[in-house]
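Whenever a hint applies, use it, and build me the whole structure from the sequences.
Take the sequence shown: its letter number 45 is residue 45 in our numbering, and every next letter is one higher.
Take these hints with a grain of salt, some might be off.
As the list claims (entries may be wrong) - Keeping only pairs whose Cα atoms sit at most 27 Å apart, straight-line, the calculated DSSO-like set for lysine-lysine is:
hint: 1; residue 1: 100; residue 2: 56
hint: 2; residue 1: 123; residue 2: 173
hint: 3; residue 1: 173; residue 2: 56
To be clear, the hints were calculated from the coordinates, so they are not data collected in a lab.
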Amino acid sequence: MNYATGNGPMSNRPNQSGTTIDAFHRENFWLIQPTGGHRAGMDAMVLAASVPSTFKGHAADLGAGAGAAGFALASRCAGARVTLVEREAGMTRLARQSLKLAQNARLSDRMNVLDADVSLAGKARVSAGLGDRTFDFAIMNPPFNDGRDRRSPDPLKRNAHVMEPDLFETWIKTAAAIVRPGGGMALIARPTSLGAILPAIDGRFGALQLKPVHPHAGEQAIRVVLRGVRGSRAGLTIEPPLILHERQKQGFTPAADALCNGLAALFDE
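Printed below as a string of C-alpha cells:
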C-alpha cells in the first residue's frame, strides 16, 4: 500500500523507467520509487517520526531502500543530516535520483547515500563507510517476513521483506557500533519479532520505549516501534499505543495523520 500524501501534478505519476515520483509530507519531499516491488508506506513514516523533532546531528537510515524514512526524518528535523545506507544498487540509484529532484533541494545538502551492507562487521564495516561511533542516531526497518513465508517473485521486494537468520542481532550490533554513547536507535517491526529484538538490544541500548501500533482501537498491534539510548542502563517503558484508523471514518486518526505527514513526533518529547 502506498501512503504518498501529495496531490501535486507529479504525485503517483508513472514514467517510462518503471518508477513513480511520489509526494510525502504534503509535498515537502518527493521520492522516486519502483512502480512494482517494494514501495514506501506507513512503516517508514512512523519510523521517521520516532526521532525527536529537536534532533540535531547525523542519523543513519539502515537498510534505507529508496530512502523514504531518511527523507522523512530530514524533512521534519531541520537540524538533521542523514545518510541512507543500502546494499541494493537499484535502490541506491533511485535514492540518488530523488536527491537530485528540484523539489528536494532544501534537503539535498543534508543527505547522502552510502552503498553498504548493514550486516558487515569489524574492519569490513568501517571500510564500507560505517565507522565506529560516527552517528548520533540510527533508524531501521529490517525485513520482517520469516523465510518460510511465501516469497515475492520480485527480487527487490523479496530482499526488503524476507528476514535472514539472526537479522536483528546483526543489525542492532551494527547500530550499537556506529552510534556514539548517548546516541539513539529506533526500529519498527512486527510484535512477533520482539523475542529476537530484546535479547539483541540487551547491553547495547537502554532507556527503551516501546510503542505498539494498532490498526483500530481494541485490535491487536500490527507493529511495534522501539527506541533506545546507546549505553544507557535504564529500563523499558511501554508507551500509550498509536491507533491508525477510526472505525467509523475513512483515513487516519488525527494523530496518525500528523505523524505520516511530518507534523508530529511519535514519542512525547
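Evaluation of the provided hints:
1. Distance hint between residue 100 and residue 56 is fulfilled; the C-alpha atoms sit about 23 Å from each other, no more than 27 Å.
2. Restraint check: the Cα-Cα separation between residue 123 and residue 173 comes to about 14 Å, which is no more than 27 Å; the hinted pair holds.
3. Between the alpha carbons of residue 173 and residue 56 the distance comes to roughly 23 Å, so the proposed pair stays at or under 27 Å and holds.
The earlier numbered hints are all upheld by this structure, with none contradicted.
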